[in-house]
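Asks: Heads up, the sequence shown is in the UniProt record's numbering, so the first residue is 1 and it goes up one at a time.
Quick caveat, the hints were computed from the structure, so don't treat them as lab data. Any given hint could be a false lead.
Pairwise CB distance ranges, derived in the manner of DEER restraints [unchecked claim]:
1) Thr11 to Leu43: 25 to 31 Å
2) Ile107 to Leu58: 48 to 54 Å
3) Leu54 to Phe14: 22 to 28 Å
4) Phe75 to Ile107: 37 to 43 Å
The C-beta atom is built at its ideal place from N, Cα and C for all residues, glycine as well.
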Amino acid sequence: MPWSPLRVPPTRDFPTIRRSLLFYKVFAYATGTFLLLVCLEVLLRYAFGSEVVLGGALGPVALVAPEQVRAVGGFNLSIAVLIAHGYLFIAYLISDFVLITVMRYPITRFIAIAAGGVVPTLSFIVEARVKREVRDYLAHREAQAAVASA
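Use the sequences and the hints to build the structure in full.
Replies: And the structure:
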């Protein structure tokens with residue numbers, strides 16, 4: 001295994017590890033999705049000079065110049081995406097920390113996983129790899145325990 005725990009997690013922690021992995025997976029996908037939306041928002045804002053407004057005077061969905069958003073009214077979806085991504089990234093970091101703590105990985109592993117939430121699409125790749133490594137580790141340890149108890 002490329003990343004092995006500093007200390008071996010006891011088998012009684014395996015249910016906690018599985019819950020932590022699920023917690024991490026949810027926020028990895030959410031963060032990755034919102035990071036892609038942030039990239040789209042940045043493209044709209046800087047390439048086209050527009051923000052997305054919902055329910056304003058121009059209709060249900062409108063692209064509006066940033067300085068005209070208040071005049072048009074409605075819900076500024078562009079700002080909402082930025083704020084939501086910020087909160088989701090914090091939750092992603094927490095889920096990352098919880099997972100490395102219960103798996104007893106080194107802090108460098110936390111940094112490597114956290115980088116997945118910064119680069120667009122990388123969180124999906126990192127999530128798949130982390131999920132596979134943790135599941136393989138748990139399966140290996142459970143097989144060892146079964147052989148030892150037999």
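Asks: Determine for every hint whether it applies to the structure shown.
Replies: Hints, one by one, checked against the model:
| no. | hint | verdict |
| --- | --- | --- |
| 1 | Thr11 to Leu43: 25 to 31 Å | violated, 48 Å |
| 2 | Ile107 to Leu58: 48 to 54 Å | holds, 49 Å |
| 3 | Leu54 to Phe14: 22 to 28 Å | violated, 44 Å |
| 4 | Phe75 to Ile107: 37 to 43 Å | holds, 40 Å |
Violated hints for the displayed structure, listed by number in ascending order: 1 and 3.
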